[in-house]
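Here the structure of chain A is known, so what remains is to put chain B in place on it, guided by the hints.
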Amino acid sequence: MSLQQISIFIENHVGSLAELTKIIKDEDINIRALSIADSSDYGIIRLIVNHPDIAAEKLRSKGFIVNISNVLGIRMNDVPGAFHEVISVLAKSDVMVEYGYAFVSPVSGKAYVIIGTRDIDNATKVLTENNIELVDPAEVYS
Amino acid sequence: MYNPASESMPVEQLRALQGERLSAMVKRVYENVPFYRNKLQQAGISPEDIRTADDIVKLPFTTKQDMRDNYPFGLFAVPMSDVVRIHASSGTTGKQTVVGYTKNDIHLWGEVMARTLGAGGVTKDDIGQISYGYGLFTGGLGGNVGSETIGCATIPCSTGNTRRQVTIMQDFKSSFLLCTPSYALTIAEYIEDNHIPLESLSLKKGFFGAEPWTENMRREIERRLGIEAFDIYGLSEVIGPGVGFECTEHNGLHINEDHFMLEIIDPETGKPVPDGEQGEIVFTCITKEALPLIRYRTRDIAHKITGTCSCGRTLVKMSKPAGRTDDMLIIRGVNVFPSQIESVLMELEGLQPHYQLIVEREGPLDRLTVLIELTETMFTGEVRMLEALNKKIRSAIESTLGIAVNVKFVAPKSIERFEGKAVRVIDKRKL
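So the protein lines, in turn, are chains A and B.
The working numbering numbers the first residue of the first sequence as 1 and each following residue consecutively.
The working numbering numbers the first residue of the second sequence as 1 and each following residue consecutively.
So that you can see chain A by itself, here it is in the shape it has in the complex:
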């Protein structure tokens, strides 16, 4: 049930992000979720897109450093305490969350969080056991 996330290394310059997004746009690829992590010298862009393989290949061919990894997409109700419930389940099972990013969909009334963890199999298992809904890759890649 995991999603493929593309991580891209970019230098902190004006325009380097635009260069990246143009490549994605020109391939007619849709960004479903994204985060920008930054340090003083560089940034790491994380993307969930509808065609991760094509996006990664295209970015690599343009000289970007790309890494594909698996992350979990979690769907929950957009109400107070929903995220806490998810995190509590993971914490109880000793799953360490490395990073995450979230967004809400006003149409469905749902909130989504993407979670990166090295313990993805265990996280999938405990979340499913606790009836927490994971995002099906088919929804994202459609």
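Take these hints with a grain of salt, some might be off.
[Stated by the list, open to error] Part of the chain A face toward chain B, derived, beta carbon under 8 Å:
#1 Ser7
#2 Phe9
#3 Ile10
#4 Glu11
#5 Ala37
#6 Ser39
#7 Asp41
#8 Tyr42
#9 Ile44
#10 Gly63
#11 Ile65
#12 Asn67
#13 Ser69
These are calculated hints, taken from the structure and not from any lab test.
The structure displayed is predicted, hence computed values, not measured ones.
Positions of the beta carbon are idealized from the N, C-alpha and C atoms, including for glycine.
Just chain B now, with coordinates in the frame of chain A:
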């Protein structure tokens, strides 16, 4: 040990021998080489001033330019009728460097190369394949004379025609190989591509030099050819291969200092550096007849390795040369060579990234930043891993250089290339 009496001579006896030989050599060149006579006179030194090994610091240096100015035979200390061999190194920057040998010099060459091979355990029962170039280059004939001096069956393959090299290796049962490290890898590649089992070879040892190579390359050669690899060091101006050699400790090059006196100097001041510190390698040929160079500045950088060697040799040890003085930077008073940083990077998990050094001055302080182009093997997508890698590289460089540096990852191909080669140093200091 090929020559235990010389290779493990008590140090005091060795110093006395060096002193005698140095004194006799200076007398000889003073009488026979007008260039040196003038040079010594200008420095106010007479041959009588040079009595012990320590007196060497009184003598003036010889440079590559001096060799060019006296092209081709001006520095020879014997009449041409006594010269039996001439070699020359290709001059990519200027005239060729010409070197000559008397009969005794060729014997000496055989002796020091026999020590080199002997340190790797070669005996007269071995079969030697010499795959350095034969010709004006000293590699082929230097290896050849050493192998024959030991009494090995010697195969003068020279370079090229890898298929034939491997056939000879199989059919003639070569037990040791001399060539450049990169050619050893070419041979390994050929063997793998043609599915030739290593068991069909009798190769046990290899002696590699004449170009820079790393510990990683050593491990790769050893694994892919199933041999023990020894580093060898030499330069034609001194004699060719045979100036320095590795013992089975594989930790530094023993210098045949009963024939070639080693000094490590500060390239700026010309003063000897304390033992163990990096500096320019300087050699004095104290026994050679045709071309006895006095304090020849090699422009190669290395340091002496102090302490005794478990192999029992008393001959001084020197690190593998790490770069050229031409590239030297002085940062906060510390001599820094770009190649030192390169070797650190190459030793770290075999990274071979493009890098660039940026030197800036902030107030009174110099700041060195190492830009490293990121590669996919270095990138897991996590900030934490990048920070950890950054820290690992930084501390490895800092412990090698002894000064603080910044390490900054940059995007691929962002370091400018000059005719395909990266520009290694950008010095922004305005002094």
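Verification of the hints:
1. Ser7: This hint holds: Ser7 of chain A lies near chain B, its Cβ roughly 3 Å from the closest one there, short of 8 Å.
2. Phe9: 6 Å, holds
3. Ile10: 7 Å, holds
4. Glu11: 5 Å, holds
5. Ala37: 5 Å, holds
6. Ser39: Where the cut-off is 8 Å and the nearest Cβ of chain B is about 6 Å from Ser39 of chain A, the hint holds.
7. Asp41: It holds, given that the least Cβ distance between Asp41 of chain A and chain B is near 5 Å, below 8 Å.
8. Tyr42: The hint holds - Tyr42 of chain A has a Cβ within 8 Å of chain B, the shortest such distance being about 6 Å.
9. Ile44: 6 Å, holds
10. Gly63: With Cβ-Cβ at 5 Å, under 8 Å, it holds.
11. Ile65: 5 Å, holds
12. Asn67: Holds, about 4 Å.
13. Ser69: Because about 5 Å separates Ser69 of chain A from the closest Cβ in chain B, which is inside the 8 Å limit, the hint holds.
Of the numbered hints given earlier, the model fails none.
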